[in-house]
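Single-letter residue listing:
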Amino acid sequence: MRRAEHLQATLASRAGEIAAGLGDGALGISVFDYLSGFAWALNGDRWFHAASTIKIAILVGLFDAIERERFTLDSRLHVRNRFLGALDGQPFRVDAGRDADDDVHAAIGKTMRMGELARHMIVRSSNLAANLLLDLVGVEETRAALAARGVDGVDVRRGVEDERAFATGLNNHVTPNGVVALLRAIRDGRAFSAASSTAMIDILMDQEFAGGIVPGLPDAIRAVARVAHKTGDISTVSHDAGLVFLPGRPPYVIAILVTSSADASTRTGALAAVSGLVYDAVAAAGEAA
Amino acid sequence: MLTLPVVDALALDGSVSRLLKPDALMQTRNGDSHRLPRFFYQVDSWHDALETQLTPHFGLWELMDVDLHEAAPLRLFPRYVPCAVTALAAALELFRLEVGSTVRIAANGGYRSPTHRGSRSGSPHCWGTAANIYAIGGEPLDTEEQIGRYAAVARRLLPFAWVRPYGHDLGEADDHLHLDLGYLTSIPNGISEHHHGGPAHE
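First to last, the sequence lines map onto chains A and B.
Residues 0 to 288, numbered by numbering that gives the first Met the number 0, are exactly what the first sequence covers, in order.
Residues 0 to 201, numbered by numbering that gives the first Met the number 0, are exactly what the second sequence covers, in order.
Rather than coming from a laboratory, the hints here were simulated on the basis of the structure.
Incorrect hints may have been included.
[Unchecked claim] Each pair of labels, with its calculated beta carbon distance range:
no., chain 1, residue 1, chain 2, residue 2, range
1, A, 102, B, 120, 31 to 37 Å
2, B, 49, A, 92, 29 to 35 Å
3, B, 164, A, 156, 30 to 36 Å
Backbone N, C-alpha and C define an ideal beta-carbon position, used for all residues, glycine too.
Isolated chain B (complex conformation):
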């Protein structure tokens, strides 16, 4: 059982909340609007991230590693990861079991905030529901053949997921396998959506 505190980002300090943009509408390139997540797991230290196992093969740290393109306040602990990251980990676990080898998630390739400089409009990464897989086992995914082979596995195994096609243009990928679950949000049991102050646990 996950023991991480769940927080309502609307109740977080403004310096963090304005970067996470909880409940704000984010527009995709197509003009569709989606509401950003409001409930986040609070991660107090990198040690906690390393110690928190979401599934047998995926630790939380793998899905929250970002670089300097994330605003400095969001790189300091405590850090926040949308609760739907658990659904992503579950999907990745199925994929991992199928391919039978380590699935490596790139930095900036798990959750990143909507204010991360690499977050394009409406990126599911801002929901914590997308992963950029840069290698499987020791095999880097940087050719059409490799990306296509594993994309086929993902599409067969996870028909509800979106897998980007190989290519060099927007909406395509040529140095990783991108898969996402769409604009999924999660509210763990025991959390009230009416709560507006302090920890979200009731």
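Okay, chain A solo, but in the shape it has when bound:
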């Protein structure tokens, strides 16, 4: 027990140092361990620009709509790069040059299955897929899906790459505790079938971006860990949030949100450092439990 308390104290003090190293920025962390019940947060209720972590919420909205039998994962949707801005209703497009995924852009004019779009949105962070899915499901419907699952701290306002909305501060925001609640709703199958819960985790598990959670794990743990996560990066923001599955124990949930004008490598380094500290604290709490 003493070791667990020591490592939790270390997590708190080191996280403070890492936050101080971000200068003008901020660090938000939230953790929940299903094995020990250990829960800890730093700036847990502070709002951050969501960046691409909002795609987890869009995924939940999509599966909520599937649960309501609005469509299925096999339903086909016209891939069209034309959206109406949240601010003024004027059309805008997702710039292919700024999108991490080419495949959905290559399908413009054709149709893709909902399941394929969901995968591209999460696994390769396709902005076009995210906007197509949110446009179809609806912002209000997505917000209602989160509210129905008791998820606070995730504020879905619009699709991504909506520059006019961005310029006026009309953005998607999340708190560390909100993202953890969202991931717990997925893992717990809160108002979801077991099949939907599994399908969402499988998609998150196939994440192609490294982020900071996985690189921060000790080498021996990284080799056996399976992490279902979503990263988020824009000019001054780097986030990573996910479920960390380790052999022989239930998972822990972690959200690390970083905002800073420092270079991207500084932010990514902070993500990895926090991930390592969180792992140590969670592992010790698990042993004590």
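With chain A held as given, fit chain B onto it using these hints.
Showing chain B alone in chain A's frame:
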């Protein structure tokens, strides 16, 4: 010669007929009314759609691809496409020969039913006489210059067609070239308009 069966949609099962709305009047934004098509080609499978060539460069499948915004019964086979789709294909073929490159029709951009969620009032797409062209060759049509250039070709070549101007408002297009032949219906030879039951072939 097209070998697809022609059906009188008034004689189709109610679950399909109520979605196709044969012979019903559809009102445009201007308040004009037009009677929806009654005679349709029956397409029994996607394979049939792929194999049915309407003109040398246009297959039927290109003009009947829809997404989940079409009601589920109309996405199941057999599916139905208004007979006037042949006139659209003929017009598109002229356009294709003029531009000398593949003309790509968008999903939901050929025939879609009047109950399709993307069908605005009086859309000629519900007659199977309109096409949304999203790319020509490898060139996407998503700028004023590109849409305007090909719109000029269409207007010169097909003076009887309506080509939407570039723009962001209703009645305009900014990510495709829309051309249509208006509210044209077609009744192939050998089909009686008095027939009210079973296949329309006599």
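Tested hints:
| no. | hint | verdict |
| --- | --- | --- |
| 1 | 102/A <-> 120/B: 31 to 37 Å | holds (35 Å) |
| 2 | 49/B <-> 92/A: 29 to 35 Å | holds (31 Å) |
| 3 | 164/B <-> 156/A: 30 to 36 Å | holds (33 Å) |
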